[in-house]
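Enquirer: Order-wise, the sequence lines are chains A and B. Numbering-wise (this note's numbering), the first sequence opens with residue 1 and increments by one. Numbering-wise (this note's numbering), the second sequence opens with residue 1 and increments by one.
In short, the hints are calculated from the structure, not lab data. None of these values were measured; they are calculated from a predicted model. It is possible that part of the hints are untrue.
[What the hints assert, rightly or not] Subject to a maximum C-alpha distance of 25 Å in a straight line, what follows is the list of computed DSS-like cross-link-like pairs (lysine-lysine):
1. B:K117 x A:K60
2. B:K158 x A:K60
3. B:K43 x A:K60
4. A:K60 x B:K8
5. B:K117 x A:K6
6. B:K142 x A:K6
7. A:K60 x B:K183
8. B:K118 x A:K6
9. A:K216 x A:K235
10. A:K60 x B:K160
11. B:K142 x B:K160
12. B:K168 x A:K9
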Amino acid sequence: MNAEIKILKPIQPQGLTLVVGLPGIAYIGKLSVDYLITQLKADLFGEVYSKHFPPYVIIKEDGLVELLRNELHVHRTEAGTDVVFLSGNAQAFSPEGQYEVSERILDWAIENGVKRVYSVAALVTDRQFDAPKVHVTATSADVLEEAKAKGAEPLEHGIIGGENGLVLGLAKKKGLEGACLLTETHGYQAPTGEYVIDPRAAKAAIGVLTQILGVKVDMEPMEKQAMEMDEAFAKMAEIERRMREEMTQQGKRPSYVT
Amino acid sequence: MLDDITIKNVALMELKDPVAVVGSPGLRSIGKLAIDQLITQTKAQSLADLYSAHLPTIYQTQPSYAADPSLPGMGGAVVEGGNVDLPRVQLFASVEPPLILVRGYHANFEGQFTVGKKTVDLLVEAGVRRMVVVAGFGTTEKKLCVAANTQALLDEMKAKWGLGTGYKGPFMGFSGLVFGLAKLRGIEAVCLFAGTQPVEEDLEYPDNEASARAVEQLNKILGLMPP
């Protein structure tokens with residue numbers, strides 16, 4: 001099981017679009033795609049397992065055990081085309097593993113007539129903003145123009161770490177069209193080093209992505225979550241400010257340890 | 001010499017619907033202690049050994065099950081009872097009741113899935129359809145709880161033995177992965193967790209009392225006579 005797709009319910013997708021949102025910085029990709037899966041009531045039809053996922057299992061609140069995995073959900077749009085969402089609780093750990101898992105998924109998508117590949121990722125910035133910008137990079141000028149028309153700004157240069165970026169690079173290599181949406185975030189981390197979710201950024205990504213996919217979702221639950229995190233981020237910023245102040249004041253006068 | 005995995009069949013034994021019991025040196029070594037006790041108690045015979053280049057003798061991580069991709073450990077030999085051998089996962093068989101007792105061994109990061117999967121493959125080949133994993137979980141309470149890969153098995157544990165859920169979170173190492181992989185191969189699996197107080201300086205420091213508590217419960221679940 002270097003990378004294995006377990007199909008739970010066979011599907012025959014029409015005009016398939018693949019949308020990838022795996023856990024990464026501020027969980028923007030995962031939050032965005034999970035939100036769309038929930039709001040659109042997309043059907044779980046497949047699971048992805050790999051020896052390249054971190055080697056442990058999760059015991060859930062209900063006492064059931066779960067291997068780390070990716071999931072495939074499908075949603076049929078009003079236009080009669082299918083969107084397949086790839087999300088999950090892990091990314092492959094090493095570059096080799098990420099290549100293997102991404103290639104396996106793209107090969108499945110190609111076998112099923114994929115038309116476009118989109119992914120959602122984070123763009124970490126120090127820029128202060130009221131609303132995060134959504135940037136885009138694409139496999140072609142045409143796809144880039146389409147995303148620009150939906151409100152995304154082209155990304156001039158940068159890197160997209162992990163499978164949310166790799167899947168687009170590999171898609172291009174395999175002759176597929178697609179784009180990666182990158183939303184601005186400050187990328188706060190908890191003291192344990194884990195990223196703190198950024199629903200405000202995810203909301204911005206969803207705003208562009210839903211236009212691209214031609215779907216509509218209720219944004220109120222995401223807005224509520226974003227407001228809660230806005231408050232938490234404001235508190236974190238205040239703590240940071242106070243700590244900086246205290247450190248500056250301590251630096252002004254001599255201190256002794258006895 | 002060793003590619004990834006080598007199996008040495010020590011004995012050929014036909015077991016009818018064997019139940020697998022899995023333990024490895026995890027938190028407070030409860031799983032390992034419990035399996036060793038059951039091997040002694042049932043006079044189980046060695047069935048197969050699984051060797052792998054991914055099994056270190058010296059771990060660079062503390063505890064051994066906290067696999068880290070940049071710390072693969074060191075290969076080497078182990079000496080037990082005056083005999084030298086390589087580190088290995090050992091399968092023992094008891095005919096009555098039909099049990100396969102798995103004495104697990106933590107592979108390094110690179111090999112954890114490979115070793116776990118091969119172990120589950122071996123159990124499938126041996127006709128195993130049910131697995132009981134035994135391990136420890138950190139708590140100040142001296143209690144037992146379970147997790148499973150089906151709701152039906154959780155319900156059974158509650159109804160038959162009064163065992164409820166009680167641990168949530170990650171389960172690392174050999175036993176955790178074997179537990180997780182079982183479902184993909186159609187094995188229903190339950191894990192019996194014994195509560196134990198972690199010793200921060202040495203998380204694998206043996207807790208004989210918690211292990212004995214787990215074994216007492218395993219004896220009931222497996223239909224074994226107490227020692």
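Enquirer: Return the numbers of the hints above that this structure violates; sort them in rising order.
Expert: Numbers 3, 4, 6, 9 and 12 - these are the hints that the structure violates, sorted from lowest upward.
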